[in-house]
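Chemist: Residue numbers (the working numbering), protein chains in the order written: chain A, 6 to 707; chain B, 6 to 707.
If you are wondering where the hints come from, they were derived from the structure by calculation, not from laboratory data.
A hint or two may mislead.
Copies of the same chain look alike in the list, so a pair counts if it works inside one copy or between any two.
Here are the simulated DSBU-like pairs of lysine-lysine, each with C-alpha atoms no more than 35 Å apart in a straight line [stated by the list, open to error]:
| no. | residue 1 | residue 2 |
| --- | --- | --- |
| 1 | Lys608 | Lys549 |
| 2 | Lys520 | Lys341 |
| 3 | Lys682 | Lys339 |
| 4 | Lys682 | Lys33 |
| 5 | Lys80 | Lys339 |
| 6 | Lys681 | Lys339 |
| 7 | Lys479 | Lys331 |
Number of protein chains: 2
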Amino acid sequence: MSKITVFTLFTAAALAAGAVELKSPDGKLALDFDLSDGGRPTYSLTFDNKTVVKPSTLGLELVNDTDLIEGFEIKGHEVTTFDETWQPVWGETSHIRNHYNELLVELAQPATGRLMNLRFRLYDDGLGFRYEFPLQNNLVYFVVKEEHTQFAMNGDHTAWWIAGDYDTQEYDYTESRLSEIRNLSAGSISSNESQTQFSPTGVQTSLQMKTDDGLYINLHEAALVDYSCMHLNLNDSTMVFESWLTPDAVGNKAYMQAPTHTPWRTVMVSDDARDMLSSNLILNLNEPCAYDDTSWIKPVKYVGVWWEMIGHGKEWSYTYDLPSVKLDTLDYSKTKPHGRHPANTENVKRYIDFAAEHGFDQVLVEGWNVGWEDWFGHSKDYVFDFVTPYPDFDLEGLNAYAAEKGVKLMMHHETSGSVRNYERHLEEAYNLMNKYGYNSVKSGYVGNMIPRGEHHYGQWLNNHYLYAVTEAAKHKIMVNAHEAVRPTGLCRTYPNLIGNESARGSEYESFAGNKPSHTTVLPFTRLQGGPMDYTPGLFEMDMKKVNPTSSGHVNSTLARQLALYVTMYSPLQMAADVPDVYERFMDAFQFIKDVAVDWDDSKYLEAEPGRYIVAARKAKGTDNWFVGCTASEHGHETTIPLDFLDKGRKYEATIYADAPDAHYLTNPQAYTITRKKVTDKSKLKLKAAPGGGFAISIIPVD
Amino acid sequence: MSKITVFTLFTAAALAAGAVELKSPDGKLALDFDLSDGGRPTYSLTFDNKTVVKPSTLGLELVNDTDLIEGFEIKGHEVTTFDETWQPVWGETSHIRNHYNELLVELAQPATGRLMNLRFRLYDDGLGFRYEFPLQNNLVYFVVKEEHTQFAMNGDHTAWWIAGDYDTQEYDYTESRLSEIRNLSAGSISSNESQTQFSPTGVQTSLQMKTDDGLYINLHEAALVDYSCMHLNLNDSTMVFESWLTPDAVGNKAYMQAPTHTPWRTVMVSDDARDMLSSNLILNLNEPCAYDDTSWIKPVKYVGVWWEMIGHGKEWSYTYDLPSVKLDTLDYSKTKPHGRHPANTENVKRYIDFAAEHGFDQVLVEGWNVGWEDWFGHSKDYVFDFVTPYPDFDLEGLNAYAAEKGVKLMMHHETSGSVRNYERHLEEAYNLMNKYGYNSVKSGYVGNMIPRGEHHYGQWLNNHYLYAVTEAAKHKIMVNAHEAVRPTGLCRTYPNLIGNESARGSEYESFAGNKPSHTTVLPFTRLQGGPMDYTPGLFEMDMKKVNPTSSGHVNSTLARQLALYVTMYSPLQMAADVPDVYERFMDAFQFIKDVAVDWDDSKYLEAEPGRYIVAARKAKGTDNWFVGCTASEHGHETTIPLDFLDKGRKYEATIYADAPDAHYLTNPQAYTITRKKVTDKSKLKLKAAPGGGFAISIIPVD
């Protein structure tokens with residue numbers, strides 16, 4: 006049952022001075038809108054009378070047309086309120102309240118006879134606003150040269166940021182003052198083979214900040230549809246951020262057709278860091294679910310043929326004999342297999358057996374399809390066909406085998422950035438999935454984009470990513486897209502988008518490593534827009550032990566790897582390590598088997614970006630709770646009251662904790678498992694090691 | 006029956022000096038190949054000891070790699086001969102002989118360890134050559150920055166040229182000396198809404214030239230597949246043409262993957278202009294038919310709902326109420342029809358009736374599908390869906406009505422240059438055609454390209470055009486693509502490509518007019534690569550009579566309009582004017598009804614570029630001959646011996662000629678029709694008026 010209340014609070018003409026104020030439902034946030042000198046739209050935001058955004062101007066610069074920046078008059082404005090509770094198909098909670106006050110400002114630009122509206126939605130936990138362009142005679146088609154949306158900060162805040170880039174987000178976060186970004190930016194970049202940094206003070210969203218007086222401020226966007234992705238460029242003299250859109254091949258930022266609007270620009274704010282994590286502002290700003298039937302959308306816990314390549318040095322390819330693969334004339338029968346191809350029938354059966362034995366839903370297999378011998382770095386157009394298996398991968402037999410065991414295979418579509426080729430094969434690829442019983446696909450966009458000149462985060466690609474999702478829905482297929490644009494809450498509207506990467510995932514632990522604090526930042530930043538396929542569950546930290554040529558080290562304790570299934574919310578969770586490793590730690594592995602991937606309720610018990618996050622979640626349709634803590638290199642000591650449990654009820658808590666001498670670098674596999682009876686009165690004293698954490702399952706016993 | 010002879014003439018190592026000579030089968034043409042200073046591949050060509058191409062260098066400039074221009078050594082060479090006769094699915098003749106001597110030169114570039122071959126094929130009527138890149142370790146993927154293929158002319162020849170342009174060929178031809186191109190170029194450009202001229206001495210192919218000593222030289226290319234279209238840039242000091250490829254969005258010219266090769270570069274040469282027209286060199290350089298079954302490919306004579314819009318000022322659109330069409334939310338039921346939409350059920354039925362009555366195969370209907378209200382000039386991505394008819398077009402009923410009458414409707418797919426959108430809808434669009442019985446589609450690419458920054462003639466689009474054709478073949482659909490890249494003989498390999506525009510067609514007669522000489526040039530230039538959907542048959546020359554707002558004039562006599570069905574070879578011929586006009590000239594219209602669209606034999610009786618063409622063709626599977634003459638503003642007087650007729654057999658000739666006082670400007674509709682008995686001994690004395698012509702049907706009477 007959802008409850009919708011909409012009523013107009015105020016529809017009078019503009020105030021004498023032109024200024025309009027809007028308050029959040031709880032009255033704590035206040036938005037001021039006005040036209041400044043020359044008719045420039047200007048807004049500011051306060052929280053508890055503390056400045057969050059200083060007066061900041063709004064406008065769009067157009068290609069070959071008068072800009073939509075100044076010369077505006079207020080034609081009218083309208084204030085409404087909205088209160089609705091809706092149920093996500095999957096999520097952190099079973100119900101989400103969408104409660105805001107809204108200000109619609111109708112602007113006219115008399116010199117051009119054009120109209121532009123600004124719509125502000127003020128929630129208790131932040132602001133969303135967007136530009137809207139109603140149907141009109143003098144502004145139908147237009148091209149955005151640059152969007153000039155300002156976010157004027159009130160000081161030299163601390164920020165957790167990654168450098169602005171049109172093609173990748175796979176960076177470690179840097180914690181610094183805003184004024185330090187310029188000097189730290191270049192050093193924060195690591196090679197990803199496809200990166201396009203645009204400014205020494207450019208950063209990506211969602212950007213988490215903290216002010217010296219204890220406000221947490223987060224800048225992001227919501228409902229990025231048919232527009233290019235917004236980055237932020239900082240004027241580090243004035244501490245004013247300005248929107249910086251991703252350009253297309255000819256340098257334009259967005260092609261618009263009225264009636265239309267931009268995505269929402271968001272400013273989340275609170276004096277409690279936990280509110281940043283529990284906020285549903287981004288989801289609420291997205292449209293309701295677009296599908297009538299969502300019964301086929303199911304959260305997924307999976308294992309897969311993946312870490313063998315990423316971490317253990319095995320290959321996606323089948324042979325070393327093919328320096329030049331042309332799919333239309335390819336004949337693998339004449340090549341010599343190199344024998345390092347784990348996506349083979351026998352090995353995949355082992356994964357299926359393991360998944361069936363331990364209750365996993367699916368088995369991902371990467372490297373199942375022909376073309377991997379020269380897939381990367383060549384701007385190759387026809388790189389994969391997405392339907393032809395390698396000779397050693399029995400497509401039909403393995404799917405039948407998996408089905409017998411109650412497991413599904415997960416499809417893998419690496420596009421190599423060649424999206425025309427992917428779109429040409431998409432229907433046939435999805436048909437193949439339907440034929441063999443696949444219901445989910447991990448897609449990838451590694452490398453430079455084709456069409457050449459386009460970027461991962463431009464309007465062209467954003468349009469493509471959503472196309473792949475909506476076409477998949479026609480086939481009842483769920484999508485987990487890697488290297489795609491960062492999520493902006495579209496999973497509310499299109500809940501078959503069950504995952505994205507769009508950040509530095511576990512795979513980097515086998516390359517250059519992730520900072521120990523990485524998972525204490527991601528929920529404040531990357532996860533604001535939607536779930537991440539982070540692929541936790543790495544139990545072997547010393548990569549040299551499994552791959553002599555590797556110098557990689559997983560910067561985490563084993564106990565923290567368990568905690569990530571709780572702290573990194575996702576309806577799609579992988580147990581990323583290989584079965585052989587899990588067999589050595591079956592007592593710890595039990596937590597991964599037990600933990601849920603869908604929830605009726607979630608509580609953030611403690612949180613500080615870059616330091617620690619402690620979350621408790623109640624598994625969907627049960628009374629089981631799961632608690633997780635991830636800590637930075639400083640570790641974390643805490644006492645957790647279990648007051649979220651049902652009053653008076655008895656539970657057994659199983660606590661997977663770092664051993665006293667655990668340390669992410671020197672002793673990551675030292676953990677303890679203890680069981681104790683608990684109630685809502687209990688308090689648990691716990692300690693996370695440096696780079697460590699803990700995980701707790703709390704199961705009712707009465 | 007085809008006869009293939011291949012044998013090696015010569016496989017010895019290189020001659021002492023490195024130079025190699027190759028002769029044409031008849032010995033008249035001689036090619037010399039050598040490496041010039043610094044190891045640059047160099048060739049020259051003579052015809053009867055007259056210089057055709059002076060020593061000219063060959064090479065490729067690469068992106069971020071050592072160029073393939075100099076430092077070559079000859080590893081070896083091989084001379085072979087080939088003689089085969091093949092049967093085209095449709096064509097000017099029932100059999101085509103493919104007879105050439107071939108020289109393969111194997112080059113090595115020791116400094117880089119790379120290999121490049123040059124393959125020359127010398128025919129009696131010209132030369133084809135291409136670059137080949139065998140599979141090798143040091144050159145697999147590479148990007149062409151520019152191709153430097155030279156064609157060094159031996160003098161300041163006369164040329165019939167259109168200005169170099171990446172996006173349109175819809176220009177009138179200019180006849181001038183090569184040295185005059187620079188001064189005439191800018192003035193030769195007329196607006197086409199999508200044009201990108203690249204150089205004041207740039208010209209397009211096929212380029213027809215004539216030397217002062219009477220040689221006809223034609224430069225073009227054959228088998229343009231997965232490469233960008235070649236233009237020519239003239240150094241007008243030295244009279245050296247150099248290849249100038251069409252760039253992509255980031256300025257690159259071609260993305261290559263060995264083993265691969267470039268298209269063929271062609272130099273046709275003869276001292277008889279008629280040999281330029283009868284040559285099959287371009288077709289012969291293309292690969293044999295790629296389809297096993299071609300029974301579904303049929304030449305087409307058609308009428309259509311088209312000139313009502315182009316010439317008469319009617320609309321493709323349905324309403325004036327929609328300044329902004331969004332197909333996913335469109336509701337035409339709320340709009341007011343403007344009533345100027347000829348693609349309506351009642352009107353289309355009239356065309357179907359007319360087609361059935363007069364023996365036409367098909368009726369083209371443009372403007373049948375939703376979206377035309379704002380289809381053009383907005384860089385609009387989702388511009389058409391290719392499946393939804395306007396409310397006044399009964400898709401199912403009209404196809405049923407046509408089928409009853411033994412006629413097919415011809416589909417129309419205007420893409421507006423938005424090729425991602427077209428590819429996304431292609432399968433569904435072709436399925437719709439199959440459902441309702443369409444077997445041919447006229448496609449269009451008007452306006453600037455999407456992906457933005459790509460050009461009509463770049464590798465990206467060339468790949469697309471062929472994709473649309475090969476996907477159509479899977480649906481047994483024939484394609485007639487307008488605004489696509491100029492043809493290069495691919496219709497041999499993919500004979501469902503039954504037509505292209507790729508030049509200035511009849512439609513311009515209603516805009517700015519075509520030069521009276523236009524159709525005396527096109528067969529020498531545009532038609533070298535394949536048939537053109539020129540849409541002749543305009544009987545009303547004074548456009549003001551049918552459209553008061555028009556100042557257009559068809560620069561042709563009526564008799565010449567008939568002749569074009571013979572002189573402009575195409576398996577796809579439209580009678581472009583409207584039924585009402587034809588009803589006024591049914592005696593002349595009889596020729597259009599009678600003339601064939603497929604042939605067993607063709608003879609070019611007289612030809613001079615820019616002056617006149619007289620062609621005689623024998624209709625497929627019959628003994629009927631059809632003769633046509635098109636003349637420039639100078640007219641043409643001639644006496645034609647009918648010695649191509651069967652010896653001793655009696656025929657009736659019906660001669661559709663310009664009346665004595667006919668003139669394309671002042672008296673274009675004055676024609677005479679005379680009938681006479683003829684044999685192979687007969688000679689017909691005939692006269693074409695200025696901008697006129699004549700057409701003759703010759704039917705056996707015994």
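Chemist: To test your reading of the hints: which numbers does this structure violate?
Modeler: 1, 2, 3, 4 and 6
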